[in-house]
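Student: Listed below, chain by chain, are the residues.
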Amino acid sequence: CNVINSFNEERLEDRQEELKLAQENYTKARNEFAARQTEEQMKLLKQQQALEEQFNQPFINLSLHQTIHRLTVNANHRVAESLRKEFKVPERRFWWLKIDALAEIGDWTELEKF
Amino acid sequence: MASGVSHLSSGKINLNLLRDFYRRELLESLDKCLGTKALVWDDALTGPFGLIAEYSLLKEHEVEKMFPLSANGLPQSNVQNIIFVTRPRLNLMEQIAQTLLQEEHKGGFRKEYHIIFVPRKSLLCERKLKEMGVYGTLNNIEEFNLSMIPFDSDLLSMEMDSAFRECYLENDYTTMYYTAQALMTLQALYGVIPNITGKGDCAKQVVDMMLRMRRELGGREPQITPQIDNLLIIDRNVDLLTPLLSQLTYDGLIDEIFGINNTSVKLPPEKFMTGNQSQEDSIPTEKKKIILNSSDELYAELRDKNFNAVGSIVSKRAKTITQEFDERHSAKTVSEMKQFVSKLPHLQQVRQSLSTHTSIAELVKEHTDTEEFMDSLRCQQDFINGVETDKVCVYIEDCIGRTEPLDKVLRLICVQSYCNNGLKPKVLDYYKREILQTYGYEHLLTLLNLEKAGFIRLHGQRTYPTIRKSLRLIIEDINEQNPNDISYVYSGYAPLSIRLIQYYARPGWRSITEVLNLLPGPTIEEIQQIPVALRKRRASIGSINSSTMDQKVTLVLFLGGVTYAEIAALRFLAQQDDGTNEFIVAATKITHGRGIMRSFIQYSM
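Going down the list, the sequences are from chains A and B.
Residues in the first sequence are numbered consecutively from -8, following my numbering.
Residues in the second sequence are numbered consecutively from 1283, following my numbering.
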């Protein structure tokens, strides 16, 4: 299974490659939902790579939720917001996430603002 | 390890017979190698074996050491034989091969190596051993057919936790083969079972294999009057809803919260310290292990009760026991004193078990009092009543938002899917997207697994309302203290599986053919012919033991697991019908929703 393989690959390029294969297979199998999600995962992986370079922190292997969470904990609200828009995170869940993350670092002023 | 096994023989069918059979088989395999022995255990087997043979018995057969099978190799020892006891799994074969190679490397004192496969050896495993180059090192490869482990006087389990996943996801019916084998063992000990009924695809598999095995015996079967009248096989696939709901019986809750393995549970130790213990040594870090079976009188009374009724029983018992202790003040004559002293050990035992169960109940209550538990329960109750099952549920959304355990979220979604006869594409895709974004992309596989097994599906034929109505699954007013219907085990919901069994016992499945057709899988009915001489004689009028002759013993076999709450409901049924129906429960595993969900979750590697 390509999805499992993609997690086993060490190198990022290989992982993207495996995901691409997975996506093609899902399209062939007419599983549109899975194909679209795989595409999103590829996008996310790219973003995470950029984030790792930018902040010198591990991001790869986190879910989208965890990624935004970590960004919020680091007070990178702008980047978090842009990810939220790009992946269309529903508001309700984003609030939960934000409250949780801000409470974790005790940033009450930011919590107040929002 | 438990030494007292009297609780096994107290039922209608003496399950001690089965245990003795396994003990003989095990010792026979062990005695085949001469000299001192060390056993190397596959971890998953130590629990079940503990219920069959205690350490002292093994010692009598020259077992001197026991090690767990691990990647670190074996400690130094000077026994003549090393015996690996293992399940036929490839990853375990690798470990065994590694261990063997390491031992070879150490050299020194010459030992003999053996493997005992439980319950069967497999060609694949033997090939693996050959590939790893250690097959020749082994002196002996044995099989030990331990599959149905007697847990209690009316309870057998095979402890195969992945049976359901294997059958419905991987199309691997090995466990069904083991099950058929186990049934043959039971028939050899307790006689051929005349009537076989079943529902579901796997049930059909098992019955077919069983009948073939009997034909292969070609009449060479032991001539015993059948002790078991009926065999009823229920495939978990027939009732996917029940195990997903939160169990509300005493042992159901203990299992859901702490996990009962091989009739014992491990609990946090803080609650179980007596006064002087806490002074002597500081807080024990090891978890307290408690054995739960019907040899504990109080547990036997409590286990099947709705948890809301447990408190009052415990306090009532506590009062009577204090009263009995107080009798010593009123005892005047020597004979009265004597009588009291003779009761003392029993009293102390009861008092001990009272304090244990008070502590356990407190631990369970801590959990059931939490908001999360109550909210999730309310959500489930709404779903099974058919309230707002067609929309995205706000509570589930919030659970995802709070990143609560994935198994809990999936469990609720599966309940909703079942009660809504599948979800609308929009709702389903929304949930799926939420889960992938929150818990990670790898769970795409988890979701596909659940869809394949039928736990979540797209909107389809509306069957749930019909099933609910005709089987009376929802009961409005229930009495948790003194129940009059099996629905007390889930506080208002009667387990579908047990309702089926209830109809089977009376008036028979013919009356509910329509509902049976709505449930997945074929219905099977077979009769095994038995020589006339061995048939049970009809109770003639005036016969002294006509009442016992009328009693029917039914072995109910759950393929893919059964929950404690279902067992409780079945025991309740047995008590209701003036004792004309006696049930023995067998299952591939005693399970709960969390366990089933976990077997489907794909963990990132």
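Because the hints were derived from the structure by calculation, they are not lab data.
Wrong hints could be hidden among the right ones.
As the list claims (entries may be wrong) - Some chain A residues flagged as far from chain B (calculated, every beta-carbon gap over 12 Å): (1) LYS19; (2) ASN22; (3) ALA25; (4) GLU31; (5) GLN32; (6) GLN40; (7) ALA41; (8) GLU44; (9) PHE46; (10) ASN47; (11) GLN48; (12) GLN57; (13) ILE59; (14) THR100.
Claimed, not checked - The calculated lysine-lysine pairs, modelled on BS3-like cross-linking and capped at a C-alpha distance of 30 Å, are: (15) B:LYS1614 x A:LYS89; (16) B:LYS1294 x B:LYS1625; (17) A:LYS11 x B:LYS1314; (18) B:LYS1569 x B:LYS1706; (19) A:LYS79 x B:LYS1569.
Since this is a predicted model, take the numbers as computed values, not measurements.
All residues carry an ideal CB built from backbone N, CA and C; glycine is no exception.
Student: Does LYS19 (chain A) clear chain B by more than 12 Å, comparing its Cβ with all Cβ atoms of that chain?
Tutor: It holds; LYS19 (chain A) is separated from chain B by about 15 Å at its closest Cβ, greater than 12 Å.
Student: Beyond 12 Å on every Cβ pair: is that true for ILE59 (chain A) relative to chain B?
Tutor: Incorrect as stated: the minimum Cβ-Cβ distance to chain B is 9 Å, not above 12 Å.
Student: Checking the smallest CB distance to chain B, is PHE46 (chain A) really beyond 12 Å?
Tutor: Given a closest Cβ separation of 20 Å, the condition holds.
Student: Taking the shortest Cβ-to-Cβ distance between GLN40 (chain A) and chain B, state whether it exceeds 12 Å.
Tutor: holds (15 Å)
Student: Any Cβ of chain B at or closer than 12 Å to GLU31 (chain A), or is the non-interface label fine?
Tutor: With a cut-off of 12 Å, GLU31 (chain A) comes too close to chain B, as the shortest Cβ separation is near 8 Å.
Student: Taking 12 Å as the cut and beta carbons as the points, is GLN32 (chain A) off the interface with chain B?
Tutor: Answer for GLN32 (chain A): violated, closest chain B Cβ roughly 4 Å.
Student: So GLN48 (chain A) supposedly isn't at the interface. Is its beta-carbon more than 12 Å from every beta-carbon in chain B?
Tutor: holds (18 Å)
Student: Determine whether the non-interface label on ASN47 (chain A) survives the test: each CB of chain B must be over 12 Å from its CB.
Tutor: The assertion about ASN47 (chain A) holds, with a minimum of 22 Å to chain B.
Student: Holds or violated: LYS1569 (chain B) and LYS1706 (chain B), Cα atoms, limit 30 Å.
Tutor: violated (46 Å)
Student: Run the distance test for LYS79 (chain A) versus LYS1569 (chain B): straight-line Cα separation, threshold 30 Å.
Tutor: violated (45 Å)
Student: Mind verifying the non-interface call on THR100 (chain A)? Its CB should be farther than 12 Å from each CB in chain B.
Tutor: Since the minimum Cβ distance to chain B is about 23 Å, THR100 (chain A) lies beyond 12 Å and the statement holds.
Student: Can we confirm that no CB of chain B comes within 12 Å of the CB of GLN57 (chain A)?
Tutor: It is violated; GLN57 (chain A) is separated from chain B by about 8 Å at its closest Cβ, not greater than 12 Å.
In this structure, the hints that do not hold are numbers 2, 3, 4, 5, 12, 13, 15, 17, 18 and 19, in rising order.
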